[in-house]
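Once you've looked at the hints, dock chain B against the given chain A.
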Amino acid sequence: MKKRSAKGQIQMFETVGVLVIFFFLLMIGAVFYFRAQNTSLQREGLQASNQRAFQTTLKALYLPELDCSFLKMQKENCIDLVKLQKFQEFLEENQNNTQVMQDYFTELGFASITVSELYPQERHPVLYDNPPDEFTDKIVKKSPVLLYDPLRDEYGFGIIEVDVYV
Amino acid sequence: MTRKGFDIQFNWIFVMIAGALILGFFFTIAQKQRALSTEHLQRTLAVEVEEIFVDALVSKGTSQSLPLPEALEFDCEKGCVCDLKIASAKEPFGDKAIFAPQRVSGQDALVWTLDWKQPYRVMNFLFVTNPSIKYYFVYQSQQGKLLVDQLVKGLPPPIKKSGKVVTQIDFGIVPKENLSVLTAEAYDQVKFVFVLFDPNVLGSLVPASFFRESQVSAINIEQDKLEFYEGKGSSLVMPNPPESYAGLPMLYAAMFAQNNVMYECGMRTAIRKLSYLSQLYLERAATLQDAVLQGDVPRTWCEYGNKANPQVSNPTIIDLLSQQHDLAKKLMSQPQLSVSELKKLDDLQARLDEKNRNDIVLKSCPEVF
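In order, the protein sequences belong to chains A and B.
The first sequence begins at 2 in this note's numbering and counts up by one.
The second sequence begins at 4 in this note's numbering and counts up by one.
In isolation and in its complexed conformation, chain A is listed as follows (with noise of 0.2 Å):
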């Protein structure tokens, strides 16, 4: 009697053994599967942030607010430098209005937006700048841009920069 029970108790341990490995086997498995998937979403995202910052600066680029629109027709990737200061004072003065601010918070998203002057001067005014309270990381697109000043009648070189917080 004792020999059967001492046999049982072996399998037993055995089977239980089988298991104990074979969840371990199982965990692992899954801890280097959901990590690649981990790693596979964190690129995406990665991408998606990147796109989106694209997006912010053809926004930015294509604004009615910015562009040097005459006579309905309107000159591709240039900035009118009045209405760029006008603009920048704008969103300055309805810091505090809510709608204003969300208007242009749902447009442009946790980002800032420079556009710097190159020639024939430099400047580097802050256009936009709405960063969260906290971020991982920042990606930085820039893009030539035509500066137009109505006062000479004469188009400078600049560039602008848009750094989208993710």
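On the chain B side, residues computed to face chain A include the following (Cβ under 10 Å):
(1) Ile25
(2) Ile32
(3) Lys35
(4) Val57
(5) Lys276
(6) Leu283
(7) Pro369
Please keep in mind that the hints were generated in silico from the structure rather than gathered at the bench.
Ideal Cβ positions, reconstructed from N, Cα and C, are used throughout, including at glycine.
Here is chain B on its own, set in the frame of chain A:
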């Protein structure tokens, strides 16, 4: 209980615990996988949809096809909380003026952009539809026919790929007398655009077969108001009071919007944007005037006006922009867009355009817009 019996029972308990553990493990994995897929889907859709809309918004007066792996659902609630739903993903679009039916599914969607000018570009209206929706323009007078022709002329042509139509705005033009003999076709949705009809006769104008075949809705364009109708049973009912409009883009907005809530939300977004832009252009014109006075602009004959001293008899461009700004703000504060104010806005737009051309461009002065 014998020892053998106890062993057998223990084995069963053991098997059940081990089985439950294995099941639980796979269940957890499945749940995690589901959460990951949802996140993946939401991110992909959000980026792709935003990309299409951003492309459409920056390119004016164009139409493009949008392949639909899933149905698109648009919804605007009172208070202008507007969402676009694809599968389980939801994206708000309150900042854009999008006019679309409640559901777009099946064939590729057509996304058409039309810029709203006052007379400078304020924002782009975005219209979404697809060939599973049929639009019927119905008229009863010569005046109505003229408006229908104008509306149809402005619609974008079908989008073709390799000579084959991928998507289009499917429409028909029907004089009132032919409406009763019109045959219902198998469309998911049918929208009637009645032009200059008496609202009292509209309810029973559409043949009953249409209500059996498709989801029917309608708008009636009157001289200065718009009525939105929904199909109920086999007749049309107007659940909400009429809306106002001014100009063709607003008529297209009404035609493509699923109801008056979506129409009004889009209009309010556009008018709010107009209130910001009119102020910016006003400030820009004032800067140009200062530059003229200070001699920075050599053309001393250029006259933009004076914010502090408005001219009543012959308003300057600054006066007109100031009026436009005040009007846009007034419209924003009204619970419903008023016809008279919208007409004034339309009139101001024409006067601003004329002023810019005659007093600024023709005199070789720096343009305001």
